[in-house]
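S.K.: Sequence:
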Amino acid sequence: MKLQRPRSRTIGRIMFSVVVVSLAASTAEPPCSAQLQTSLNKRAATVVRKPRTMNKLQYPQSRRDTLVEEYHGTSVPAPYRWLENVNSDETKQWVNDQNQV
Numbered sequence: 001m002k003l004q005r006p007r008s009r010t011i012g013r014i015m016f017s018v019v020v021v022s023l024a025a026s027t028a029e030p031p032c033s034a035q036l037q038t039s040l041n042k043r044a045a046t047v048v049r050k051p052r053t054m055n056k057l058q059y060p061q062s063r064r065d066t067l068v069e070e071y072h073g074t075s076v077p078a079p080y081r082w083l084e085n086v087n088s089d090e091t092k093q094w095v096n097d098q099n100q101v
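Residues in the sequence shown are numbered from 1 upward in steps of one, following the numbering used here.
Hints were generated in silico from the structure; no laboratory data involved.
Careful: at least some of the hints might be erroneous.
With beta-carbon atoms standing in for the labels, derived distance ranges [said to hold, decoys possible]:
| id | residue 1 | residue 2 | range |
| --- | --- | --- | --- |
| 1 | Thr38 | Gln100 | 19 to 25 Å |
| 2 | Leu57 | Ser22 | 55 to 61 Å |
| 3 | His72 | Val95 | 50 to 56 Å |
Derived SDA-like pairs (lysine to any residue); straight-line CA-CA distance at most 20 Å [what the hints assert, rightly or not]:
| id | residue 1 | residue 2 |
| --- | --- | --- |
| 4 | Lys92 | Arg63 |
| 5 | Lys92 | Val76 |
| 6 | Lys92 | Arg81 |
| 7 | Lys92 | Pro79 |
| 8 | Lys56 | Asp97 |
Predicted model only: the values in this text are computed from it and were never measured.
Each residue gets a CB set at the ideal place from its N, CA and C atoms; glycine is no exception.
Start from the sequences and build out the full structure, keeping to the hints where you can.
M.R.: Written as structure tokens, this is what we have:
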């Protein structure tokens with residue numbers, strides 16, 4: 001009677017082999033000639049440019065109220081509660097001003 005290896009050991013060896021081969025393949029760099037590398041470096045240098053400076057955005061001032069609410073014994077400041085009234089003229093003006101930025 002021939003003894004068989006346990007399946008888990010065989011599967012483990014196969015998986016180990018796959019991992020080793022995958023790691024070896026992923027770390028190897030493809031061959032590249034010096035001329036090609038120089039050409040690629042020159043192209044990369046022309047693509048990478050100094051970033052343009054952006055003007056700072058000037059956001060409109062927002063009114064802050066001194067409203068403080070209490071939730072379960074904890075005081076919670078709510079300085080922008082006035083913005084929750086979406087139908088007020090002040091909120092509509094604030095939204096329009098923000099959209100202009």
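S.K.: All hints, please: hold or fail.
M.R.: So, going through the hints one by one against the coordinates:
| no. | hint | result |
| --- | --- | --- |
| 1 | Thr38 to Gln100: 19 to 25 Å | violated (49 Å) |
| 2 | Leu57 to Ser22: 55 to 61 Å | violated (48 Å) |
| 3 | His72 to Val95: 50 to 56 Å | violated (32 Å) |
| 4 | Lys92 to Arg63 | holds (13 Å) |
| 5 | Lys92 to Val76 | violated (25 Å) |
| 6 | Lys92 to Arg81 | holds (14 Å) |
| 7 | Lys92 to Pro79 | holds (17 Å) |
| 8 | Lys56 to Asp97 | holds (16 Å) |
Hint violations for this structure: numbers 1, 2, 3, 5, all remaining hints satisfied.
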